[in-house]
Amino acid sequence: MTLAAGVSKFEAVTMAPPDPILGVSEAFRADTSDAKLNLGVGAYRTEELQPLVLNVVKKAEKKMLESGENKEYLPIEGLAAFNKATAELLLGADSPAIKEGRVATVQGLSGTGSLRLGAAFIQRYFPGAKVLISSPTWGNHKNIFNDAGVPWSEYRYFEPKTVGLDFEGMMADIKDAPSGSFILLHGCAHNPTGIDPTPEQWEKIADLIEEKGHMAFFDVAYQGFASGSLDQDADSVRLFVKRGLEILVAQSYSKNLGLYAERIGAINAVVHSSDVAVRVKSQLKRLARPMYSNPPVHGAKIVANVVGDAALFDEWRAEMEMMAGRIKTVRQRLYDDLSTKDKSGKDWSFVLKQIGMFSFTGLNRAQSDNMSDKWHVYMTKDGRISLAGLSLAKCSYLADAIIDSYYNVQ
Amino acid sequence: MAAPFPNLQSLVDMTNSLHRDRMIESLDTSAVLVKRKENEHRVRSESPTLPAFARLAISSRARIERRMEGPMASISLAPAPAATAGCGSGSRFAHVQQAPEDPIYGVTNAFLKDPSPVKVNLGVGAYRTEEGKPLVLNVVRKAEEQLLADKSRNKEYLPISGITHFSRLSAQLILGSDCPAIAEKRIVTAQCLSGTGCLRVGGEFLAKHYSGPKIIYIPATTWTNHFRIFPNAGMEARTYRYYDPKTKGLDYEGMMEDLRAAPSGAVVLLHACAHNPTGVDPTREQWAEIQHLVRDEKQLLPFFDSAYQGFASGSLDADAWAVRQFVNDGGETLVAQSYAKNMGLYGERVGALSVIVKDPDVALRIESQVNLVIRPMYSSPPTFGAAIVCTILGNKALYEEWKVELKGMADRIISMRHQLFDALKARATPGTWDHIVNQIGMFTYSGLSKEQVEYMKTEYHIHMTSDGRISMAGLNTRTVPQLADAIHAAVLQFA
Chain A
1 MTLAAGVSKF EAVTMAPPDP ILGVSEAFRA DTSDAKLNLG VGAYRTEELQ PLVLNVVKKA
61 EKKMLESGEN KEYLPIEGLA AFNKATAELL LGADSPAIKE GRVATVQGLS GTGSLRLGAA
121 FIQRYFPGAK VLISSPTWGN HKNIFNDAGV PWSEYRYFEP KTVGLDFEGM MADIKDAPSG
181 SFILLHGCAH NPTGIDPTPE QWEKIADLIE EKGHMAFFDV AYQGFASGSL DQDADSVRLF
241 VKRGLEILVA QSYSKNLGLY AERIGAINAV VHSSDVAVRV KSQLKRLARP MYSNPPVHGA
301 KIVANVVGDA ALFDEWRAEM EMMAGRIKTV RQRLYDDLST KDKSGKDWSF VLKQIGMFSF
361 TGLNRAQSDN MSDKWHVYMT KDGRISLAGL SLAKCSYLAD AIIDSYYNVQ
Chain B
1 MAAPFPNLQS LVDMTNSLHR DRMIESLDTS AVLVKRKENE HRVRSESPTL PAFARLAISS
61 RARIERRMEG PMASISLAPA PAATAGCGSG SRFAHVQQAP EDPIYGVTNA FLKDPSPVKV
121 NLGVGAYRTE EGKPLVLNVV RKAEEQLLAD KSRNKEYLPI SGITHFSRLS AQLILGSDCP
181 AIAEKRIVTA QCLSGTGCLR VGGEFLAKHY SGPKIIYIPA TTWTNHFRIF PNAGMEARTY
241 RYYDPKTKGL DYEGMMEDLR AAPSGAVVLL HACAHNPTGV DPTREQWAEI QHLVRDEKQL
301 LPFFDSAYQG FASGSLDADA WAVRQFVNDG GETLVAQSYA KNMGLYGERV GALSVIVKDP
361 DVALRIESQV NLVIRPMYSS PPTFGAAIVC TILGNKALYE EWKVELKGMA DRIISMRHQL
421 FDALKARATP GTWDHIVNQI GMFTYSGLSK EQVEYMKTEY HIHMTSDGRI SMAGLNTRTV
481 PQLADAIHAA VLQFA
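Chains as they are written, first to last, in UniProt numbering: chain A, 1 to 410; chain B, 1 to 495.
Since the hints were made in silico from the structure, they are not lab data.
Glycine included, each C-beta is placed from N, C-alpha and C at the ideal position.
Do not take every clue at face value.
Quick list of in silico lysine-lysine cross-link-like pairs, DSS-like style, CA-CA up to 30 angstroms [stated by the list, open to error]:
#, chain 1, residue 1, chain 2, residue 2
1, A, 328, B, 151
2, A, 36, A, 59
3, B, 450, A, 59
4, B, 119, A, 59
5, A, 58, B, 246
6, A, 62, B, 450
7, A, 58, B, 133
8, A, 58, B, 298
9, B, 425, A, 62
10, A, 212, A, 99
To give a feel for the contact side, a few chain A residues facing chain B, derived at Cβ under 10 angstroms [claimed, not checked]:
#, residue
11, 8
12, 98
13, 109
14, 160
15, 164
16, 180
17, 215
18, 261
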């Protein structure tokens, strides 16, 4: 047998850049400074800056191990008990859409996997249709639509002058989009800005989407985690459903149940009739089968166990309120420190107004680099910091770093 | 159907996807060569050559324009009129058709609906005990208990390519810990979602980065999902002859002829052992000839699907022999490993994709690009199953215990083969049945026809896929006679 010789068939493969978000944690790990602070990836940390596994999750896993369940393949659409629970959490257990069988739910691989199924569905069944994503948005959104073969463009969202929502720009761009476009909306706690439309603004967004014959595609990654209330955080989605609009919704349990690495979420289509829902679900399954055949069982069972047990469900709500509460407390402290230390009178109140895990500081690329190079504070280069990774004890240090970067670096 | 056609390209894209849709639908129900349709299309990647489709597009556009009033430019996304009443008129999704049922899952559904108390499910390839129950291995339970008791564990996101230790152990398992490619760091391994996930990620990586033809040759008789995975990944799927119904064995000449006719540098999918669904594997002499053709004659890129290591013969090393032959000749190879069967981790979705190349620098670059495929698909893989694998493979006692349990499963299946063979011999059932004991792995490709299979379902409540594939893992000593009776009756009924 001649030893195979010759040049690699992969010689021309270039080194890809590190992921902008996940790459931050790698850089943090490599830093040897004691002062280092990881405000990169959106994973919750305790005040002691430790990862957290929720008590309800530990209890659910113990229960699952003791009951000795098997590891058979799930159906392609995932665990039925999970799918039921997740649709009810999203839309409300008494939702007419659910009662009428008008919701197609397929378990997906957390938010990313669910978005990918939705994107693949759009590519196949709405060929040529465009998705509009906010400027800025979570860095992986564009990759998902690119790999799914769905064209996308941006709608204005963040207004640097006010460090708030550019509502006029947003509405104008949605209006300009060709009829039948998909509008990717963050259900709550917009990532990376933390800036959400007000309830009045949501009504106007729904009006416009309806008028233009667009379809809303919600990314719901923080339900319960943003305000502490599962229902409040689902208001935007429920508004659209109440209006009778057909929507797509991707859900994730990474943050609100701390199930990051278990990859548990769902893609939902709320449609006009149960016949259509059945057909849509069958086609979502047909997209999942050649991707991974059927989804992982462990995370789905954890969710089903927690939601399906009244005591665990209450305990979960309390743990979620605790996490959301800690982030609000940290926001307050950071704001206080910034306001005290910054003598220029700059308005730092956006820190308080923004919602959820992230704050869009308004720092530019060079300033963000200064944060890591000089202060060993790691964040994404778009100026996003994860407050979930901040402790009260570190607020003062962070305020110093932000003030230095903002004023002394251009 | 009405759809927006703002420009010709999007019409072309739509026509392409409709065509691909029809192609994929026909592949859903048939495990044979891709059917040639209208314009002689093969199943293609996302962007077919424009001229061929443009011809079709222009004629389609003309047809649609005649049907519409006014210019194309003013078309909005109006829903298609409902084909039948009450099927969602006014819904933006009204044009979405019901997908055909996956044939393998369809068998389980039919089984569940069967009211007979003696029904037997020989459909899906999941191991069953002698009592007909699903099995969670003892070592898996021990690993789970260890993991739960470990207070240092958390649920933080894994790296994009999964648990590093898992990847290392998996590469050692399939290639042998003394494999030169591992020592020379010429291998990149990523944790993926079981076999399917590895094949999909590997396929997408090849579609984007392989410098050879983006064509993969798949056995004409194979796991049906192969035909869906690769076109969805962006590879063109073609077939090579494999199963000979006359001998119920390998069509070796046909296979070699078809691979010889492939363009140089194309990709070839090879079942590492225990071919699914036929159970027919090349002999070692035949593997050597295949290797010579692949490496020396045609420079094809082998992509191994290893779903049954240790499960086929009971020996991890024996079942990895073919993969190791190829990797150790220094050539470039892809390997998809699944832990669904051999560790019984079906629903946890654990697998490992390895890309073995000539150069460690190339390996590093490939790793970064594989990550770019994974990130927009699901960001990072699920942790629980991979942690179980690590615990078992990384602990000598558990590893040895696993090997014993694995051999136990393989031996029980082999015993079922012999019992069924003996039972058919005892009934003097017409035909030759040696293939039952010659075929390897979980499945017997019985050679029974669609009609015979249907007859066995209705008269004997035996459920299996219509291609006559029997999951031996679903048999036990009690049900072997029932199956033998059913086969006997079916053979006599449809001589």
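How the hints compare with the structure:
1. Taking the CA atoms of residue 328(A) and residue 151(B), the gap is about 28 angstroms. The hint holds against a cut of 30 angstroms.
2. Straight-line distance between C-alpha atoms of residue 36(A) and residue 59(A) comes to about 33 angstroms, which puts the hinted pair past the 30 angstroms bound.
3. Only pairs whose Cα atoms come within 30 angstroms are accepted, and residue 450(B) paired with residue 59(A) is rejected, the gap being roughly 49 angstroms.
4. A threshold of 30 angstroms between alpha carbons decides the hint, and for residue 119(B) with residue 59(A) the separation of about 38 angstroms lies outside it, so the pair is violated.
5. Of the supplied pair hints, the one linking residue 58(A) and residue 246(B) is violated, its CA atoms being roughly 57 angstroms apart against a limit of 30 angstroms.
6. The straight-line distance between the Cα atoms of residue 62(A) and residue 450(B) is roughly 46 angstroms, outside the 30 angstroms bound, and the hint therefore fails.
7. Between the alpha carbons of residue 58(A) and residue 133(B) the distance comes to roughly 28 angstroms, so the proposed pair stays at or under 30 angstroms and holds.
8. Distance restraint check for residue 58(A) and residue 298(B): the Cα-Cα separation of roughly 54 angstroms exceeds the 30 angstroms cut-off, and the hinted pair is therefore not satisfied.
9. Proposed proximity of residue 425(B) and residue 62(A) is contradicted: the alpha carbons are some 50 angstroms apart, above 30 angstroms.
10. Taking the CA atoms of residue 212(A) and residue 99(A), the gap is near 28 angstroms; set against the 30 angstroms cutoff, the hint holds.
11. The interface hint given for residue 8(A) holds, since its Cβ lies 4 angstroms from the closest Cβ of chain B, which is under the 10 angstroms cut-off.
12. Taking 10 angstroms as the C-beta cut-off, the interface hint given for residue 98(A) is violated, the closest approach to chain B being about 17 angstroms.
13. Interface hint at residue 109(A): satisfied, since its Cβ lies 4 angstroms from the closest Cβ of chain B, which is below the 10 angstroms cut-off.
14. Against a cut-off of 10 angstroms between C-beta atoms, the interface hint on residue 160(A) is violated, since the closest Cβ of chain B lies about 28 angstroms away.
15. Hint status for residue 164(A) relative to chain B: violated, with the closest Cβ pair at about 29 angstroms, above 10 angstroms.
16. Contact between residue 180(A) and chain B, as hinted, is supported at the beta carbon level, the nearest pair being about 3 angstroms apart and thus within 10 angstroms.
17. Given the 10 angstroms rule on beta carbons, the hint for residue 215(A) holds: about 6 angstroms separates it from the nearest Cβ of chain B.
18. Among the interface hints, the one on residue 261(A) holds; its C-beta lies about 4 angstroms from the nearest C-beta in chain B, closer than the 10 angstroms criterion.
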